[in-house]
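So the chains spell out like this:
2 protein chains.
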Amino acid sequence: MARSLGRMCKALQRLGSVSSMQSQLGRPSSCVSFRTDSRDMLGLPSAFFSKPRDFSLPNSSWGPEMMRLYEQYNSQCGEETEGGENREGPWKRLPSYNRFLKYATGGVYLSRMIHKKARLFTRNNRDQGATFEYVLFFNSEEDKCVGVFQAGHLLEGPPGHVHGGAIATMIDTVIGTHATIACGPVLTANLNINYRRPIPLGNTVLLESSVDKKEGKKVFVTCKMTSSDGSKLHTDSTALFVSIKVSQLLLGS
Amino acid sequence: MARSLGRMCKALQRLGSVSSMQSQLGRPSSCVSFRTDSRDMLGLPSAFFSKPRDFSLPNSSWGPEMMRLYEQYNSQCGEETEGGENREGPWKRLPSYNRFLKYATGGVYLSRMIHKKARLFTRNNRDQGATFEYVLFFNSEEDKCVGVFQAGHLLEGPPGHVHGGAIATMIDTVIGTHATIACGPVLTANLNINYRRPIPLGNTVLLESSVDKKEGKKVFVTCKMTSSDGSKLHTDSTALFVSIKVSQLLLGS
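These protein sequence lines map, in sequence, to chains A and B.
The numbers in the working numbering rise by one with no breaks, and the one at position 193 of the first sequence is 193.
The numbers in the working numbering rise by one with no breaks, and the one at position 10 of the second sequence is 10.
Derived by calculation from the structure, the hints in this document are not laboratory data.
This one's a predicted model, so the numbers in the text were calculated from it and none came from an experiment.
Idealized CB from N, CA, C, for every residue including glycine.
The reader is advised that the hints may include incorrect statements.
[To be verified] Simulated DEER-style distance windows between Cβ atoms:
1) A:130 to B:52: 19 to 29 Å
2) B:88 to A:210: 49 to 59 Å
3) B:53 to A:127: 16 to 26 Å
4) A:139 to B:78: 56 to 66 Å
5) A:130 to B:53: 18 to 28 Å
[Claimed, not checked] With a Cα cut of at most 25 Å, we get these calculated SDA-like pairs of lysine to any residue:
6) B:117 to A:194
7) B:224 to A:244
8) A:116 to B:89
9) B:213 to A:67
10) A:117 to B:198
11) A:232 to B:247
12) B:116 to A:128
13) B:224 to B:143
14) B:218 to A:196
15) A:117 to B:153
16) A:218 to B:232
17) A:224 to B:238
18) B:116 to A:220
19) A:224 to B:236
20) B:217 to B:116
21) B:214 to A:196
22) B:117 to A:144
23) A:144 to A:67
24) A:245 to B:203
25) A:116 to B:143
26) A:245 to B:226
27) B:117 to A:63
28) B:218 to B:203
29) B:218 to B:139
30) B:224 to A:194
31) B:116 to A:59
32) B:116 to A:127
[Said to hold, decoys possible] Computed, partial: chain B to chain A, Cβ under 8 Å:
33) 63
34) 118
35) 124
36) 146
37) 154
38) 157
39) 158
40) 163
The task is simple: from the sequences and hints, build the whole structure.
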């Protein structure tokens, strides 16, 4: 027990140093996420990690609309060419794993000790296409985040349509990621959703978020969710997030 | 295709007659739910149904706090005694299945035709204790609804804690059920949640909802979520629901 506690404290200290380490690596200090399990966003060397599955890449369950939007944004992403040069692009695809903690500095130890069976709510089902299929992209120049979601058959609420809680989950995922990019580790403080039109199961929707303002530890974000072609508004929403320290959360909330 | 359409229309007509049928059975016409898969609430004879599993009954994954609250409310529920008499009680346990549609009048046909693999979002995981374990109770005299939820390890958002979307899902489940009891079939129009304190994975929480007012097709509901002993406030929230017709939803939203 004492040894576990010692390991945990050391891991927490390392977690606390993520921001400064990112700065050293030339990345902004604002990219620690609890929501998007963002190993890539942390900018840490691959030696820290085993090779997890990146769930934000296409799989056989993705339908035509999901693939169309993925390719639309992915084709505008910066990438390393075969010649080893970096191609510029306004968008960046955000990889997504089934747990954040494991992929942060020191998180390997923590994830073994703290609820090792835990999995990210939006990535907890192994049956491809059954629940949430999604990919997020971020545009740093325009400070915009988009999410493309395909709603599986296990998300039912009203007959044949997506549950209101599943819709809230999609929104929280996109705006939480955006707030995290803007301010570092955050928790949702307020989420206010107007549901305008039900979403049939199987449909693909597009979520777009914008940061309205920052005030100290607070960041205000808005988000709208439309049909994949943008013609139908499903929801509009606002949210407030507050910055937190990871160690505070883990050592007793 | 034509035959399927014909069956569907007949089933929809039957669904449309649920309210009047309920009245004939001496039940209020306000108990059709999309959220709580309420075969029992519909008051229909068992011959209409196969025998589905009632997920709101205790299982081996339920911890001491979950069991304590279940027994606290269940002991105050009305029930039929061994002698065949009805024992009075202010509370009623609301059974819960993994799909609504199948258990409404005519819904057997619809559930075969419309997304037959679909499952209620909150009941889509067969691994007991992994996601949402919950039971709802309703008190008609006080017009109060409570939900007791135990949060499983697959609901993670912030490390070791419940995802904001999973919390929204719990709230939507309780207040959606309450609004349905008050006004018949409804859809969520607005959901506004203040997140006050994170919920550690594995914890049991208590949700209590009240109907504030009704205006035509609108019903306004409030809800607070506390720790199982009531000492810590996790969220407070408000919501607006609007009445709808089932057939409108199914034939094109």
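Evaluation of the provided hints:
1. Residue 130 of chain A and residue 52 of chain B have their C-beta atoms about 20 Å apart, which keeps the hinted 19 to 29 Å range intact.
2. In this structure the hint that residue 88 of chain B and residue 210 of chain A lie 49 to 59 Å apart at CB holds, the actual value being about 55 Å.
3. Checked against the hint of 16 to 26 Å, the C-beta distance between residue 53 of chain B and residue 127 of chain A comes to roughly 20 Å, which is consistent with it.
4. The given range of 56 to 66 Å is respected by residue 139 of chain A and residue 78 of chain B, whose C-beta atoms sit roughly 58 Å from each other.
5. The hinted window of 18 to 28 Å between residue 130 of chain A and residue 53 of chain B holds, with their beta carbons roughly 19 Å apart.
6. The hinted pair formed by residue 117 of chain B and residue 194 of chain A fails the criterion: a straight-line CA distance of about 28 Å is larger than 25 Å.
7. A hinted pair counts as satisfied when its Cα atoms are at most 25 Å apart, and residue 224 of chain B with residue 244 of chain A qualifies at roughly 23 Å.
8. Using a Cα cut-off of 25 Å, the hinted pair residue 116 of chain A and residue 89 of chain B is violated, with the two alpha carbons roughly 43 Å apart.
9. With a C-alpha separation of about 45 Å, the suggested pairing of residue 213 of chain B with residue 67 of chain A is violated against the 25 Å cut-off.
10. Note on residue 117 of chain A and residue 198 of chain B: the hinted pairing holds, with a Cα-Cα distance of about 19 Å set against a maximum of 25 Å.
11. Restraint check: the Cα-Cα separation between residue 232 of chain A and residue 247 of chain B comes to about 21 Å, which is no more than 25 Å; the hinted pair holds.
12. With a C-alpha separation of about 17 Å, the suggested pair residue 116 of chain B and residue 128 of chain A falls inside the 25 Å cut-off, and the hint holds.
13. Proposed proximity of residue 224 of chain B and residue 143 of chain B is supported: the alpha carbons are some 15 Å apart, at most 25 Å.
14. Distance hint between residue 218 of chain B and residue 196 of chain A is fulfilled; the C-alpha atoms sit about 14 Å from each other, no more than 25 Å.
15. Pair hint residue 117 of chain A plus residue 153 of chain B holds up; C-alpha atoms about 6 Å apart against a cutoff of 25 Å.
16. A C-alpha spacing of about 23 Å is found between residue 218 of chain A and residue 232 of chain B, which places the hinted pair at or below 25 Å, so the restraint holds.
17. A C-alpha spacing of about 20 Å is found between residue 224 of chain A and residue 238 of chain B, which places the hinted pair at or below 25 Å, so the restraint holds.
18. Between residue 116 of chain B and residue 220 of chain A, the direct Cα distance comes to roughly 40 Å. Violation of the 25 Å bound is thereby established for this hinted pair.
19. Under the criterion of a C-alpha separation no larger than 25 Å, the hint pairing residue 224 of chain A with residue 236 of chain B is consistent with the structure, at around 23 Å.
20. Simply put, residue 217 of chain B and residue 116 of chain B have alpha-carbon atoms about 30 Å apart, too far for the 25 Å limit, and the pair is violated.
21. About 20 Å separates the Cα atoms of residue 214 of chain B and residue 196 of chain A, which keeps this hinted pair within 25 Å; it holds.
22. Between residue 117 of chain B and residue 144 of chain A the alpha-carbon distance is near 36 Å, which puts this suggested pair outside the 25 Å criterion.
23. Between residue 144 of chain A and residue 67 of chain A, the direct Cα distance comes to roughly 20 Å. Compliance with the 25 Å bound is thereby established for this hinted pair.
24. Under the criterion of a C-alpha separation no larger than 25 Å, the hint pairing residue 245 of chain A with residue 203 of chain B is consistent with the structure, at around 22 Å.
25. Note on residue 116 of chain A and residue 143 of chain B: the hinted pairing is violated, with a Cα-Cα distance of about 41 Å set against a maximum of 25 Å.
26. Distance hint between residue 245 of chain A and residue 226 of chain B is fulfilled; the C-alpha atoms sit about 23 Å from each other, no more than 25 Å.
27. With a C-alpha separation of about 17 Å, the suggested pair residue 117 of chain B and residue 63 of chain A falls inside the 25 Å cut-off, and the hint holds.
28. Taking the CA atoms of residue 218 of chain B and residue 203 of chain B, the gap is about 33 Å. The hint is violated against a cut of 25 Å.
29. Among the hinted pairs, residue 218 of chain B with residue 139 of chain B is consistent with the structure: their alpha-carbon atoms are about 21 Å apart, no more than 25 Å.
30. At roughly 20 Å between alpha-carbon atoms, residue 224 of chain B and residue 194 of chain A fall within 25 Å of each other, so this suggested pair holds.
31. At roughly 23 Å between alpha-carbon atoms, residue 116 of chain B and residue 59 of chain A fall within 25 Å of each other, so this suggested pair holds.
32. Taking the CA atoms of residue 116 of chain B and residue 127 of chain A, the gap is near 16 Å; set against the 25 Å cutoff, the hint holds.
33. The beta carbon of residue 63 of chain B comes no nearer than 14 Å to any beta carbon in chain A, farther than 8 Å, and the hint placing it at the interface is violated.
34. Of the supplied interface hints, the one on residue 118 of chain B holds, with its beta-carbon coming within about 4 Å of a beta-carbon of chain A, less than 8 Å.
35. Interface hint status for residue 124 of chain B: upheld, as the beta-carbon distance to the closest one in chain A is roughly 4 Å, under 8 Å.
36. This hint is violated: residue 146 of chain B has a C-beta 18 Å from the nearest C-beta of chain A, more than the 8 Å allowed.
37. The interface hint given for residue 154 of chain B is met, as the beta carbon of that residue sits about 4 Å from the closest beta carbon of chain A, less than 8 Å.
38. With 8 Å as the threshold, the beta carbon of residue 157 of chain B comes within range of chain A, its nearest partner Cβ sitting at about 6 Å, so the hint holds.
39. Taken as an interface hint, residue 158 of chain B checks out: its beta carbon lies about 4 Å from the nearest beta carbon of chain A, inside 8 Å.
40. Of the supplied interface hints, the one on residue 163 of chain B holds, with its beta-carbon coming within about 4 Å of a beta-carbon of chain A, less than 8 Å.
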